[in-house]
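Student: What follows is each chain in one-letter form.
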Amino acid sequence: MNMPISGKPPKKLSLKENYALLTRGLGWETSYESMDKVFPQCDFEGIKIHDWDKWEDPFRLTMDAYWKYQGEKERKLYAIVDAFQQNNGQFNVSDARYINTLKLFLTGVSPLEYGAHRGFAMAGRNFKGAGASIAAQMQAIDELRHAQTQAHTISHYNKFFHGMHDPIHMFDRVWYLSVPKSYFEDAMTAGPFEFVTAISFSFEYVLTNLLFMPFMSGAAFNGDMATVTFGFSAQSDESRHMTLGLEVVKFILEQDPANLPIVQRWLDKWFWRGYRLLALVAMMMDYMLPKRVMSWSEAWGMYFEQNGGALFNDLARYGVRMPKYHDVAAKEKDRLSHETWGIFYNYTHAAGFHTWVPEEGEMKWLSEKYPATFDKHYRPRFEYWRDQQKKGERFYNKTLPMLCQTCQIPMGFTEPDDPTKICYRESHYRDNKFHFCSDGCKDIFDFEPEKYVQSWLPVHQVYQGNCFRPGTDPTAPGFDPLLEVLKYYNFNVGKDGGEYLDSEDKKHWEQWTGKPGVSI
Amino acid sequence: MTDSVFIAFQTNDDTRAIVEAITHDNAAATVARFPAMVKVDAPGRLVVRRESIEERIGRDFDLRELHLNLISLSGNIEESEDEFVLHWGN
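Chains as they are written, first to last, in full-length UniProt numbering: chain A, 1 to 520; chain B, 1 to 90.
Certain hints may be false.
Among the chain A residues that face chain B by a calculated CB cut under 8 Å, a handful are [stated by the list, open to error]:
#, residue
1, L15
2, L61
3, A65
4, W67
5, Y69
6, E72
7, K73
8, E74
9, N209
10, V228
11, F232
12, E238
13, S239
14, A316
15, Y318
Calculated Cβ distances over 10 Å to all of chain B for the following chain A residues [unchecked claim]:
#, residue
16, I47
17, Y78
18, H165
19, A476
Note that these hints are calculated values from the structure, not bench results.
Ideal Cβ placement from N, Cα and C applies to all residues, glycine included.
Chain A extracted, bound-state conformation (with noise of 0.2 Å):
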């Protein structure tokens, strides 16, 4: 086929038109079916989209710029996880109590990274519009590349420590795990719409800049570099996420003013959901890394708050205001930390990581940190903990708390204006009392109760027992229901859990290094 070449060779396309080419120009209209029956998700919502080419693409990351830029983060992350594997750096970190947040971490955020790729994906089919549908479906890809780089990463710390043997499996069944758990399947049980707004915008945008800016700051600081360097190259994606989040959300509201009513409960509900979820980055941050970096407070306020306000100002001009109980969380942030550290002190034992009382400096910089509150109603209790634990008499709660129906976090938070009264709220439904931590999670569950009497309680479901492996017999002479219940979390009993001065990890690592298993 030798045609003669006339002219110039044909321009190169602009990054726009380029992009337009690969959405707009993929999408088509059905002509077999009917739209409406393609896309069956699109309107039960009650969102109403009249022009799919009104979407403005956020990033204009075309395929092969896309294959080649996450090509060259995988190579970075993995010459680095090489290096540190080869280096012996899991002896480097600053001693092994930090090693518990690795546990967190890999059994409960790296499966809704999963999650997240499943969620996408579904999304990604539900759009009508091809810009929509193409981000989300990319976005897919980048969610299962996190869940793959945390995995590999985590691996190598797994050969030398406990508790991250079965992450998976404990993702299912573990009592604290079912917290990410239920708030993940909430939202993947929602519709495409809902789905997006609460992870892409509630959670990525608003959110997520607490658990990958400071934490993985936190984890360079402690001598970890390759969580650091997986949580960085997944937070790059993140980038693109957030803004997916935010352009989902203006486009909904730009179509129809309709819209704005379902859209501000979603931003209501899914802060506030989002919001109880990080209890578990604030205990991160204040107690789990020896070396600080910032406290959740000041985290908070820097992210939440300035980042976090900014774009609800900006938001303003479509009618959105601030989610609802911004005031409580802000209420909260001097004690979130405490409560939620307090009640892990509590339950260790039944937990896949080991807990602690801080040392004495590190109580006077939470006292720094937190003048208002942590000498007031903390540092009593951490040392009364500390003064029985000398004696032997370390603390275990064996008596299982109630959940709150919504959150499924123990009910251990105060009222927010009284941090020495546990806050309790209830409702009624069809017969049946149901019990809140706090009044966001209450009106989450009063405006869609039939969703949330389905919750699977960790604390209900051992007492109705369902949770012990098949076989086993409760009537059995000596028969022990929370052993057999560890037993079905597959925790290694006495070895993932407990106490972290009397634990293995710690007597590994003084061996292993030669250094004291606390730092400070």
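Given the coordinates of chain A, assemble chain B onto it according to the supplied hints.
Tutor: Just chain B now, kept in the frame of chain A:
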């Protein structure tokens, strides 16, 4: 007070030139350094210019290379071959 936009990068040799270019082009930008992370805030608007980066690194630069070292950002995005802009408002 104008609300800030921000962009954050991993701290490394690639991003040193990028951050220098940003502070050169955005007089009001402030730089905060954390372990392994550098965060640049600017009131209302922040522009990343391809040419300014190229002047500093001495080679061609595709602005999409920002993705390699990007950690997070805030603001609405305007993206072209020459500029990457973050801003609040229309």
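Student: Each of the hints needs a verdict: does it hold here or not?
Tutor: Quick rundown of the hints versus the structure:
Hint on L15 of chain A holds. Least Cβ distance to chain B is approximately 6 Å, under the 8 Å limit. Interface hint at L61 of chain A: satisfied, since its Cβ lies 6 Å from the closest Cβ of chain B, which is below the 8 Å cut-off. Among the interface hints, the one on A65 of chain A holds; its C-beta lies about 5 Å from the nearest C-beta in chain B, closer than the 8 Å criterion. Interface hint status for W67 of chain A: violated, as the beta-carbon distance to the closest one in chain B is roughly 12 Å, over 8 Å.
The beta carbon of Y69 of chain A is positioned within 8 Å of a beta carbon in chain B (closest approach about 5 Å), and the interface hint is therefore held. Restraint check, E72 of chain A versus chain B: the minimum CB separation of about 6 Å is within 8 Å; hint holds. A cut of 8 Å between beta carbons decides the hint on K73 of chain A: the least distance to chain B is about 6 Å, and the hint holds. For E74 of chain A, the interface hint is violated, since its Cβ never comes within 8 Å of a Cβ in chain B; the closest pair sits about 11 Å apart.
A distance limit of 8 Å between C-beta atoms decides the matter here; for N209 of chain A the minimum to chain B is near 5 Å, and the interface restraint holds. Annotation: interface hint on V228 of chain A holds; nearest CB of chain B at approximately 5 Å, less than 8 Å. Look at F232 of chain A: its Cβ gets to within about 5 Å of chain B, closer than 8 Å, so that hint holds up. Taking 8 Å as the C-beta contact cut-off toward chain B, the hint placing E238 of chain A at the interface holds, the least distance being around 7 Å.
Satisfaction of the interface hint for S239 of chain A is found here, the shortest Cβ-Cβ separation to chain B being roughly 5 Å, below the 8 Å cut-off. The closest approach between the C-beta of A316 of chain A and any C-beta of chain B is roughly 11 Å, which is over the 8 Å cut-off, so the hint fails. The beta carbon of Y318 of chain A is not positioned within 8 Å of any beta carbon in chain B (closest approach about 11 Å), and the interface hint is therefore violated. The claim that I47 of chain A is not at the interface with chain B holds, since no C-beta of that chain comes within 10 Å of its own (minimum 21 Å).
The claim that Y78 of chain A is not at the interface with chain B holds, since no C-beta of that chain comes within 10 Å of its own (minimum 14 Å). Residue placement check: H165 of chain A keeps its beta carbon more than 10 Å from all beta carbons of chain B (closest about 29 Å). Every beta carbon of chain B lies more than 10 Å from that of A476 of chain A, the smallest distance being close to 53 Å; the non-interface claim holds.
Hint compliance for this structure: hints 4, 8, 14, 15 are not met, and every other hint is.
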